[in-house]
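Full structure from sequences and hints, please.
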Amino acid sequence: MSPRPEVEDPLGLEHVREPRFSSPDEVGAALAANRYLADPQAAAVVYLADRLVKPVLVEGPAGTGKTQLGKTVAEALGARLIRLQCYEGIDESKALYEWNYRKQLLRIQAGQAGSDRAVEWHELEGDIFSDEFLLTRPLLEAIRATEPVVLLIDEVDRVEVETEALLLEVLSDYQVSIPELGTVQATQLPLVFLTSNNTRELSEALKRRCLYLHLGYPDVERERAIVLSRVPGISPALALRIAEVVRSLRQLDLRKAPSVSETLDWARTLVVLGRDELGDQDVADTLHVLLKYQSDVDKAAKELLGNRA
Amino acid sequence: MLGVLSAFVGELRQVGIPISTTEHLDAARALVAVDLLDREVVRAALGATLVKDETHRAAFDLAFEVFFSVGRADGEGGDEAGDGGGRDAGLEGAAIGGAGEGSVTAEELAAMLVRALLDGDPDALARGARMAVSAFAGIEPGRPVGGTYYLYRTLRALDLDQLHSRLEAAAAAGAPQGSLQARLARDDAAERIERLRRAVEAEIRRRLVEDRGAEALARSVRRPLPEDLDVMHATRDELAAMHRALVPLSRKLAMRLARKRRKGHHGALDLRRTVRASMSTGGVPITPIFKPPRPHKPEIFVIADVSGSVASFARFTLLLVHAISSQFRKVRSFVFVDGLDEATRFFEESDDPQEAVLRINTEADVVFVDGHSDYGRALTLFDSRYSRDVTRRTSVLVLGDARNNYHAPEAWVLDDLRSRARALYWLNPEPRAYWNSGDSIVATYAPHCDAVVECRTLRQLERFVGSLA
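These protein sequence lines map, in sequence, to chains A and H. Letter by letter, the first sequence follows residues 1 to 309 of this note's numbering. Letter by letter, the second sequence follows residues 1001 to 1469 of this note's numbering.
The hints are simulated quantities; they were obtained by calculation from the structure and are not laboratory data. If a hint is listed, it holds; no wrong ones were tucked in.
So, partial list: chain H residues that the calculated Cβ filter (under 10 Å) puts toward chain A: (1) T1022; (2) E1040; (3) V1041; (4) A1048; (5) D1053; (6) Q1181; (7) A1185; (8) H1243.
List of simulated lysine-lysine pairs, DSS-like, C-alpha gap at most 25 Å: (9) A/K256 with A/K302; (10) A/K292 with H/K1252; (11) H/K1297 with H/K1330; (12) H/K1252 with H/K1297; (13) H/K1252 with A/K207; (14) H/K1252 with A/K256.
In this text, a Cβ means the ideal position worked out from N, Cα and C, and glycines have one as well.
Shown next, in the form of structure tokens:
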């Protein structure tokens, strides 16, 4: 690998930051060591996210390993994973920080009871709006952490468009502004992953700040390798056959195509049943593990097994 | 490199992919960080920084192939020289011996390709594709074409069907017809053939770029994004792409409408709960509490022409409207050619809208005489059978190109419907410029509608349907 010019640090942070990975291949290898077989594109995007200090927005069908990618990167780096699960109605007190007002109240009362003279207001104000009374939520937590951190913002498409704005400061500047305290700058730059199931269009502002990665279904080779690495005790021939069946199923026009995690469930089922081969009957008996709609099961049986039932 | 990047970004913007200046800068910074000799990593870097929507990916890949294809030939020396006898030394195992390019017969080439495909060896495949293009494409330098015809010519000479059956036979290994294994073998062969087709396509494109330069070729091969494709003139592949784009589109639309509905203005004041809440503030009603909103949901009646010329447009509209039917109080659909039939039952009986649309094609009773659209007759039929169900809550959509084959227009029916309904819209999939030409009688119907809307693409369709709810 030829030496490359340093990428200018766009945030102007003084401290020198060591790149976590030296090449996309190294990312792929590190992930593979943690039993996550990334496609080359995913590895390259993770590598770039580190080099360019940008969050990664991961989209794709359910069950293709979007969340797992973030988790595995954390594992591979030995970093702490901080996860923000998004849902409709999440607000800054759940995502960023919150003042612990009960404790503040106690502090005020304690101050009044403890001494005869009234506590100076300034003193008190400075006191109750201090670190001690701040409850950190995932985003602030990731910014303030001193150890290496991977921040996973899961299902970001579930928050309202207005709430998305909460994320923007963290994502582009790695800082959180708290009116009473000032701005909290990141002491280390967390690697950020956002996942989305694409139930709504994310705002341009958010997309612009992220690198985009689409995780689709793997091809037969990779799916076979995934099954082999994830399901103990499976024979290579069976893994290949499973991958082939799943590929054929995905080509059918189904309501819900089988995901990678469903493939793994199916493979485990077959192993538990003690199958080494995959006959027509085995597929017919276990198809419901892969497909979640009766109409899909019927269609698949008809197409793949020639059942006219 | 920066020049190429700018041209590339320009091309993507030309296609309609929105790329901001920030993203352009990010792409440049990403290129600094990666190994420029690794084409796939460069592709990933540009894709991750420039394209933020999966439906735009195909357009991106096409442009990438065009703009970043030349680099690959560099390592292999000049192309024409490489195609001579020198290259064949690398083809050990292929039954060509030391013969030059010209003497490779189609059969020998086919045998070589089958082996390359079975081994899954990309280098051998690329080599085979190169030879095939040299032998069969007959590329004429300087012509401003996108290469579709060259592709067709090469693939025809290779006889893909025969290759397919050879691959299938090799994989099936005598499995009985109709069994799982036979089916898997067929799908496997199809995928490998597709790989060959792509290799040949890439090779043709590479030569065209060498011939005319990337920007000129990009103009020739440029295709609109799926949501901007003209529904009436889409090819089969394009229709498939639009079908794929429709599902997320309708899901997003439903989500947006539901959200709009939930957020909008609230209902009447809830006196009981307001008084109850005022207890905690000493009887002063500081926070008024409102009843949850009960916005009226409109009813939608779709009357769609499903004759050949506009069938796919009707299909898309029916799919979209039924996909977001939860946003309406009721959706009923009617299809006609020169007869008329209600199609709502197909959507109700099946939980899969795609299947329902298929059943409309086969089971709906829409042909009365000759299978040519007769708007006048269809509208009269609708009026006599269903107009009683049209109320002030109903929005009626008529879909069609208003090409009436010179039958009587019967435009009075629309007047009648409009007086009963909340609104009456006409969606026309033809470009506005063609309206009223030939047997199109949009102008006759237009005064009786609330609006006549040009609806050629999914984007226009989505915008219109979104405005209804």
